[in-house]
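J.: As given, the protein sequences belong to chains A and B, one line each in that order.
Taking this note's numbering, the leading residue of the first sequence gets 3, the next gets one more, and so forth.
Taking this note's numbering, the leading residue of the second sequence gets 94, the next gets one more, and so forth.
Since the hints were made in silico from the structure, they are not lab data.
Accuracy of the hints is not assured; some may be wrong.
[As the list claims (entries may be wrong)] Each computed DSS-like pair below joins lysine-lysine, with the alpha-carbon atoms no more than 27 Å apart:
#, chain 1, residue 1, chain 2, residue 2
1, A, K50, A, K204
2, B, K410, A, K257
3, B, K288, B, K175
4, B, K410, A, K246
[To be verified] To give an idea of the chain B side of the interface with chain A (calculated C-beta under 10 Å), a few residues:
#, residue
5, E213
6, T289
7, D290
8, A377
9, G393
Just so it is clear, CB atoms sit at the ideal spot from N, CA and C, and this is done for glycine as well.
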Amino acid sequence: MKIFVCLKQVPDTETRIQIKADKSGIEENGVKWVMNPYDEFAVEEALKLKEAKGAGSVTVISVGPKARVTEALRTAMAMGADDGIVIDSNEPLDTFWTAKALAGAIQKEGAFDMIFAGKLAIDDNAASVPQILAEALGLPHVTVVTKLTAGGTLVAEREIEGGAREIFEVQGPCVIAANKGLNTPRYASLPGIMKAKKKPLKEMALADTGVQASQLKTRLKDFQLPPEKPAVKMIAGDAATQAKELVRLIMDEAKVL
Amino acid sequence: MSKIFVFVEGHGSELKKGSLELLNAAKQSGREVIAGLVGPGTKALAAKAGQNGAKTVFVCDDAGLGHYNPDTFTAAVSTMVKESGADVVLASSSVMARDLFPRVAARLDSGVASDCTVLELSASGVKVRKPLYSGKCTAEVEFVNSPVRFVLMRPNQLPVGAADAAATATVREFPLPAGSGKITCKEMVKGASNKTDLTEANAIVSGGRGMQNAENFKILDDLANTLGATVGASRAVADAGWVPHSMQVGQTGKTVAPSLYIAAGISGAIQHLAGMSGSKVIVAINKDPDAPIFQKSTYGIVGDLFEVIPKLTEEFKKALHK
Ligand SMILES: Cc1cc2nc3c(=O)[nH]c(=O)nc-3n(C[C@H](O)[C@H](O)[C@H](O)COP(=O)(O)OP(=O)(O)OC[C@H]3O[C@@H](n4cnc5c(N)ncnc54)[C@H](O)[C@@H]3O)c2cc1C
Chain A
3 MKIFVCLKQV PDTETRIQIK ADKSGIEENG VKWVMNPYDE FAVEEALKLK EAKGAGSVTV
63 ISVGPKARVT EALRTAMAMG ADDGIVIDSN EPLDTFWTAK ALAGAIQKEG AFDMIFAGKL
123 AIDDNAASVP QILAEALGLP HVTVVTKLTA GGTLVAEREI EGGAREIFEV QGPCVIAANK
183 GLNTPRYASL PGIMKAKKKP LKEMALADTG VQASQLKTRL KDFQLPPEKP AVKMIAGDAA
243 TQAKELVRLI MDEAKVL
Chain B
94 MSKIFVFVEG HGSELKKGSL ELLNAAKQSG REVIAGLVGP GTKALAAKAG QNGAKTVFVC
154 DDAGLGHYNP DTFTAAVSTM VKESGADVVL ASSSVMARDL FPRVAARLDS GVASDCTVLE
214 LSASGVKVRK PLYSGKCTAE VEFVNSPVRF VLMRPNQLPV GAADAAATAT VREFPLPAGS
274 GKITCKEMVK GASNKTDLTE ANAIVSGGRG MQNAENFKIL DDLANTLGAT VGASRAVADA
334 GWVPHSMQVG QTGKTVAPSL YIAAGISGAI QHLAGMSGSK VIVAINKDPD APIFQKSTYG
394 IVGDLFEVIP KLTEEFKKAL HK
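Okay, chain A solo, but in the shape it has when bound (with noise of 0.2 Å):
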């Protein structure tokens, strides 16, 4: 079984984030990067399901600047993944493109039987990627997993509004968007870490996947804190007098009900 899972570094959310002087992004030095917290759960899937059949690989891919995304695919390499793919790009991509990036990489690594990736990536929250990537490989997609089963046919669930869940049949090669719940992601050994400096990482070009940077769909711009929020008015009192006091700011201050 041939697995492909895609991984987005992000940074992580203690970080500071700074905004460049000409507001075209954010500063990246000094930033604490991590893989994605849902790529984790795809990571941990996809090793579960090649477990299970006893045989196959998982190859985890991203698309970024090569000595930075390096590390997420090293990370995921010392949780149990076979093989790494890095499509080089200091340019920032859109979620279109970064899916055809993906795409085109995945094509030319011949047959497979299944691409995992996280539901969202929480710096940009797009949850697109996934759904490009499918439309662009033509696969069935089934996205926010929390439960996956592989018989014959694949069963994934899905979480929909207020805790319901739809139940998918799928055929064939897919793309699979995991959301938390699926599982509980292992945690690197320290055998794992010293294997995966050694485990194969292949380098892409972007341009070797089909993808222009230049062709952007949608592009990130004029990037500005958000406004200040006024400082907290806090409410004296015991608890009775608290509650009919925050009953009248709510309904006769802030009128939000």
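Starting from the known structure of chain A, fit chain B with the ligand onto it as the hints suggest.
T.: The following block gives chain B with the ligand in isolation, referenced to the frame of chain A:
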């Protein structure tokens, strides 16, 4: 003047608030508005779309569509958008729309701006902004080489206009498109609640580890029922199994932006704030005066939630005449 296509969803016999917000924004722009409805039974909502600003309503209402199938829905919406001639497509970020619109955009060789919180429409332009890095900054998403500009807006960001009961729309029906047959929805399992989903709720009451156990969530349910709110939770609570994961708010839960967010017994970790700091009014109830949640709040109460919450329910009942 160019046209706008608005994807409309219903909840029972009503249009969802997010859809109403977008119909209103489209109507206010002065451009011709085409609404799209897809799914069994959606034809019944066409008149409402007309009353809220659509001049034409495209409907694909066929039992064969089933509950949701990404294949057939993508095909149906792609055809509608093409037929409409619109160069701007708006959809509210529902679970379905988030699944669907990147696919439709890709099929039409276009870009999608998702999770937007600011929308400005002019006679031919569209300007959108979105939060990035857990709300630590925002940026404009500029459409460059995109024949159609797809925008997914977070709900509760825009005003809803008054419906015009006399306004009628031309309804055009679309046939059930062929699917690939590679994916079928076998079953839809109902959730525990039929309340508005967290991501679309106008008010949310969330509980954290300070709730102590699952049973205590009853007092939050009471408050939520009084307010017509949806109950949420921190990860600590979801991981402890007191509530299902579907109720978790935050970086690895849901991103929400209601008009009112009440956090009870939640400390305000950065990963929780990542999911709710876009809320209009934030109320924190916490016994620790130094809890970080207060720094992000509009109103703060230092106190024992077990005393404050029941009193709050009582006061809201009085204020809302219930
Ligand atoms: C990768 C990653 C992803 C994460 N994703 C999320 C996420 O999506 N969502 C999320 O919420 N967290 C997330 N977390 C966890 C987050 O860091 C915090 O651990 C979590 O939010 C804490 O939950 P809490 O505020 O309920 O609990 P605590 O931090 O334990 O806070 C409990 C609060 O309750 C107060 N309290 C106790 N008793 C009372 C009382 N009787 N009355 C009033 N107040 C009381 C206390 O003063 C305290 O402030 C994530 C963490 C990581 C590492």
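J.: A separate judgement is required for each hint: does it hold in the structure or not?
T.: The hints, checked one at a time:
no.	hint	verdict
1	K50(A) x K204(A)	holds (23 Å)
2	K410(B) x K257(A)	holds (16 Å)
3	K288(B) x K175(B)	violated (34 Å)
4	K410(B) x K246(A)	holds (11 Å)
5	E213	violated (13 Å)
6	T289	holds (8 Å)
7	D290	holds (4 Å)
8	A377	holds (8 Å)
9	G393	holds (5 Å)
Of the numbered hints stated above, those contradicted by the structure are hints 3, 5, listed in ascending order.
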